[in-house]
Structures are given as C-alpha cells and as structure tokens.
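Asker: Sequence:
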Amino acid sequence: MSEQARRRPPKPYRRPQKDPVRMLAFEALRAVDERDAYANLVLPPLLRKAREKGDFDGRDAALATELVYGTLRRQGTYDAIIAACIDRPLREVDPPVLDVLSLGAHQLLGTRIPTHAAVSASVELARVVLGDGRAKFVNAVLRKISQQDLDAWVEQVAPPYEDDAEDHLAVVHSHPRWVVSALWDSLGGGRAGIEDLLEADNERPEVTLVARPGRSTTEELAGATETLPGRWSPYALRMAEGGEPGAIEAVKDGRAGVQDEGSQLVAIALANAPVEGADTRWLDGCAGPGGKAALLAALAAERGAFLLASEKQPHRARLVERALAGNPGPYQVIAADGTRPPWRPGSFDRVLVDVPCSGLGALRRRPEARWRRRPEDLDGFAPLQRALLTEALSAVRVGGVVGYATCSPHLAETRVVVDDVLKKVGGAELIDARPLLPGVPALGDGPDVQLWPHLHGTDAMYLALLRRTA
Numbered sequence: 000m001s002e003q004a005r006r007r008p009p010k011p012y013r014r015p016q017k018d019p020v021r022m023l024a025f026e027a028l029r030a031v032d033e034r035d036a037y038a039n040l041v042l043p044p045l046l047r048k049a050r051e052k053g054d055f056d057g058r059d060a061a062l063a064t065e066l067v068y069g070t071l072r073r074q075g076t077y078d079a080i081i082a083a084c085i086d087r088p089l090r091e092v093d094p095p096v097l098d099v100l101s102l103g104a105h106q107l108l109g110t111r112i113p114t115h116a117a118v119s120a121s122v123e124l125a126r127v128v129l130g131d132g133r134a135k136f137v138n139a140v141l142r143k144i145s146q147q148d149l150d151a152w153v154e155q156v157a158p159p160y161e162d163d164a165e166d167h168l169a170v171v172h173s174h175p176r177w178v179v180s181a182l183w184d185s186l187g188g189g190r191a192g193i194e195d196l197l198e199a200d201n202e203r204p205e206v207t208l209v210a211r212p213g214r215s216t217t218e219e220l221a222g223a224t225e226t227l228p229g230r231w232s233p234y235a236l237r238m239a240e241g242g243e244p245g246a247i248e249a250v251k252d253g254r255a256g257v258q259d260e261g262s263q264l265v266a267i268a269l270a271n272a273p274v275e276g277a278d279t280r281w282l283d284g285c286a287g288p289g290g291k292a293a294l295l296a297a298l299a300a301e302r303g304a305f306l307l308a309s310e311k312q313p314h315r316a317r318l319v320e321r322a323l324a325g326n327p328g329p330y331q332v333i334a335a336d337g338t339r340p341p342w343r344p345g346s347f348d349r350v351l352v353d354v355p356c357s358g359l360g361a362l363r364r365r366p367e368a369r370w371r372r373r374p375e376d377l378d379g380f381a382p383l384q385r386a387l388l389t390e391a392l393s394a395v396r397v398g399g400v401v402g403y404a405t406c407s408p409h410l411a412e413t414r415v416v417v418d419d420v421l422k423k424v425g426g427a428e429l430i431d432a433r434p435l436l437p438g439v440p441a442l443g444d445g446p447d448v449q450l451w452p453h454l455h456g457t458d459a460m461y462l463a464l465l466r467r468t469a
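With numbering that gives the first Met the number 0, the residue at position 252 of the sequence shown is 251, and numbering never jumps.
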C-alpha cells in the first residue's frame, strides 16, 4: 500500500437506504417461499398497509405488483440465467439472496428500469436485508446479467429446440418441464399452440367482474368503473387496468363479484343444460370459496329453485356464506364432505362439482403454483376427484345433470377421471356441453369442453356434463 493510500481517511460508513417498493416486493417473495403463501393473498394486505402508512402511491403499488408477479412468472428463466453467472450450484445460494437476485434480474431483463438504477436499487436492498458482504456478491452477479438482454441470455442458457423441445420451452417460457409436457399433451401437439399457451400463462390476467343476475347488471357495473364488455358471459365485464373492484358498491354489497369468465361459463352451462322433469333443487358440492355458488344461486332464484351449497372446510364454508348473503332466492350453506354426503341419493336436479385439483389452469393468477406443484401431486388428487364425481352422480335424480369441472387442463384430472367414473358407475351418459357456451369458439370435438387462456382469455377451465339415465 502506498504512503498516500495509508494517509487517506477511511470512507465514512453509509447506512443503507430502505426502498419501500423493493422492500415490500422482497417481503412478499419471502412469504411465498418460506410459508408456501400465494402472492395474490399476501400482496394486497402488504399494499394496503403501505398506503395507510403513506409510503406508497398508485405508481409505487403498480411497480411493487409488477416486481412480485413478474419475478414469480419468470423465475425458471431467471434461475437459469443466474446459474450461468455464478460459480456454485444454484441450490447452494441462500433463498433470501436468490430472491434479491431474481428481483434484480427481473428489473434488468423484464422491465424498462434503467440498468444502473436496477443494479444500484437491488444492491441497496441487499445491504438492508442481507448485509454488506452478500451485497457485494449480488452486485457482481447483477453486473454480469446486465451485459446482455433477455433474448441473448435465453439463447445462451436454453437448449436448442431441435435437441430437447420440452426443456427449451421450459427455459424460454419459464414453466417446469413436466408442466410443459402435460399441457402439450392436453393441447394435442403442435409447437405454435403450446408456445402461445405458455406465453399466455406469463401475461397479467384481466380482472373480470360478474353481475349476479337479479341482483346487479352489467350496466350498473359499467357505470361504476371503466370497463370493457365480457367476451363470452352475458354477466361479465372486464375492468380497465388499475381499476379497484373493491371500490365498487355492487361488489362491496355482494351483488357483484370478481370472477374469471371461464368460471362463469361453467356455472351458466350447468344452469342451462336440459333436464327432464322437475328443476327445483340444485347442489354445489364443492362450493368454496363461493364464486360459482353465488352465480348459481342467483340463476336458481330467477327460476324459483333452491340451491344447497356444500363445502367440506368450515372456514371456506364461511366464505360461501358471505358470497351468498342477500341472495333473493332460497339457499342453504353447509359444511359437509362431498365424498360422504348427508343428503339422500337422487335428491337433486342439477349438481356441480368443481373438484380440488392441481390448479394448472390458473397459472396466470398464481404463478408460484407452477414451481410448487409436483407430478406426484396428481396421484393425491385422483381418488378424491373420482369419489366426488361418483357421489355427485348418486346425488342427482334420473334425468338430472351433473357438471364436473376443474381448473386444470391436465388429462389425468379431466377426461381420464370422467371416463373412469362412467365405466365404473354406469347409468350415466355424457351430453354435449358445447351448445351451452354459445358464441365461444375453438371448443374442440366435444362432448366435453376445455377453455384456454390463449384461445379464450380465460383460465383453463374444464367442463363435462353428464346426465343420469338409470
């Protein structure tokens, strides 16, 4: 060390500066990682608290939301890029460090934030939450990442499509390989379709409202906020970006709600399916958290029919009660296990079972689910799905209709379940669901229906309608 360097006074210590937006985004990612929380449940209360403290305005909230969801959606791609920039296996990087790196990678590669600002803000966050030592590591990695744009990085880290198509798509579109394979099977092959679907999973979904018939109208909702018409459901409106559904009086009162258009179509199709004879008793056998039940209850009320909404978990049954409160027609909410039901066989004219499933149809809304789910999870759902459909067919009278629905396009949760139960139970037949979704294109060969984000702008809802014949 030179004499001049020895005489130079040390730099004064600078306390790291907390950035409220990035601190909140980091806190949300840690909750998702540590507690298996869902971002759509964690983020709203964090944003509300920040607004109450005066830390946030609308632009801050929008940026924090983009950082959280963008990082989660592109996590697989960013992991591959980060792995190429470090000298150890990715699994050896502490999860909080990896969260800061992923947030930084998203700012560099997935937003318009200037490079210097993205790096400096991420390093400052690292100093606050990780300490100066690990902040230096974050700085070094992010400076490597900043040397190329996203396209160049993807070309470097993804295997060529010709060598390994599924792994290529997994890295490029940030989905686990097994999910790519399952979705591709459900689509029936073809590169264009699977790429369009995977890309649609990485887009921010619109907020869709439902005007519950007899309680609200689309005209009322359109007058309360900036909207676009729904694509397929007569009760749907799509909110303009940045709109706040909780500020709408009809939503506050429960006369309207937030509900994906695919979910609306499932309830509408079941309600409109032809039945033979009486049509006075309806059942929602898996009613939580209450969106479909509320729409079914409103449709039943218009016809003078009674809806029984059953949900196994008591806390979810309470959510159903809240969703149905004020319904103009007769209804009842109970906490009951649909595989061991308290009702007698043949008690209902219409039955809906929207069964628990992997949720692969809602990856736009819950991007972390793609990293949390495992192929073996399907084995856990399979017996429950079959049992619920079997009991639903027992609950409906001869001439009545059952709707089997999942928010998953995985064949093991859709057609395979329906086919297995039909073979085992007997006395039931599939009816064509496609005419009950008028105007909706690309519904396939039937008789069941699979909706898709890239084709219909909805979650990937599946619906099979079965009539009891004996």
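You may find that some hints are simply not true.
[As the list claims (entries may be wrong)] Pairs of lysine-lysine, DSBU-like flavour, derived with a Cα cap of 35 Å:
| # | residue 1 | residue 2 |
| --- | --- | --- |
| 1 | K311 | K135 |
| 2 | K311 | K423 |
| 3 | K17 | K135 |
| 4 | K143 | K17 |
| 5 | K52 | K135 |
| 6 | K143 | K311 |
| 7 | K17 | K52 |
| 8 | K311 | K251 |
| 9 | K48 | K422 |
| 10 | K17 | K48 |
| 11 | K143 | K251 |
[What the hints assert, rightly or not] The calculated label-pair distances, taken between Cβ atoms and stated as ranges, are:
| # | residue 1 | residue 2 | range |
| --- | --- | --- | --- |
| 12 | R343 | T468 | 35 to 41 Å |
| 13 | D376 | P228 | 23 to 29 Å |
| 14 | A82 | G345 | 33 to 39 Å |
| 15 | Q16 | P44 | 33 to 39 Å |
| 16 | Q312 | A151 | 44 to 50 Å |
| 17 | S119 | R190 | 37 to 43 Å |
| 18 | G192 | A139 | 39 to 45 Å |
| 19 | Y160 | R339 | 47 to 53 Å |
| 20 | K17 | P88 | 29 to 35 Å |
| 21 | P175 | D150 | 42 to 48 Å |
| 22 | P374 | E219 | 44 to 50 Å |
| 23 | P228 | D56 | 53 to 59 Å |
| 24 | A36 | A164 | 31 to 37 Å |
Just so you know, these hints were derived from the structure itself, not from any lab.
All C-beta atoms in this analysis are idealised placements derived from N, C-alpha and C, irrespective of residue type, glycine included.
Asker: Each hint: holds or not?
Answerer: A quick look at each hint next to the structure:
1. With a CA separation close to 50 Å, the supplied pair K311 and K135 exceeds the 35 Å bound.
2. Between the alpha carbons of K311 and K423 the distance comes to roughly 25 Å, so the proposed pair stays at or under 35 Å and holds.
3. Note on K17 and K135: the hinted pairing holds, with a Cα-Cα distance of about 17 Å set against a maximum of 35 Å.
4. Restraint check for K143 and K17: the C-alpha separation of about 24 Å stays at or below 35 Å, so the hint holds.
5. In summary, the hint linking K52 to K135 is supported, as the alpha carbons are separated by about 31 Å, within the 35 Å threshold.
6. Under the criterion of a C-alpha separation no larger than 35 Å, the hint pairing K143 with K311 is inconsistent with the structure, at around 51 Å.
7. Pair hint K17 plus K52 holds up; C-alpha atoms about 15 Å apart against a cutoff of 35 Å.
8. Proximity of K311 to K251 is assessed by CA-CA distance (about 26 Å); at most 35 Å being required, the pair is judged to hold.
9. The hinted pair formed by K48 and K422 fails the criterion: a straight-line CA distance of about 53 Å is larger than 35 Å.
10. For the given pair, K17 sits about 16 Å from K48 by alpha-carbon distance, which is consistent with the 35 Å threshold.
11. Distance restraint check for K143 and K251: the Cα-Cα separation of roughly 48 Å exceeds the 35 Å cut-off, and the hinted pair is therefore not satisfied.
12. Checked against the given bound of 35 to 41 Å, the beta carbons of R343 and T468, roughly 19 Å apart, lie outside it.
13. At roughly 37 Å, the beta carbons of D376 and P228 sit outside the given window of 23 to 29 Å.
14. As the Cβ distance of A82 to G345 is approximately 58 Å, the hint placing it in 33 to 39 Å is violated.
15. Checked against the given bound of 33 to 39 Å, the beta carbons of Q16 and P44, roughly 25 Å apart, lie outside it.
16. With their beta carbons about 48 Å apart, Q312 and A151 fall inside the hinted range of 44 to 50 Å.
17. Hint check: S119 to R190, Cβ distance near 40 Å, so the stated range 37 to 43 Å holds.
18. The hint said 39 to 45 Å for the Cβ distance between G192 and A139, and at roughly 41 Å that hint holds.
19. Our hint of 47 to 53 Å for Y160 and R339 holds, since their Cβ atoms are close to 49 Å apart.
20. For K17 and P88, the Cβ-Cβ distance of about 31 Å falls inside the hinted range of 29 to 35 Å, so the restraint holds.
21. Take P175 and D150: their Cβ atoms lie about 22 Å apart, and the range 42 to 48 Å is violated.
22. Under the hint 44 to 50 Å, the C-beta atoms of P374 and E219, about 45 Å apart, fit the expected range.
23. Here the CB-CB span from P228 to D56 is close to 31 Å, at odds with the stated 53 to 59 Å.
24. A hinted range of 31 to 37 Å holds for the C-beta pair A36 and A164, which are about 33 Å apart.
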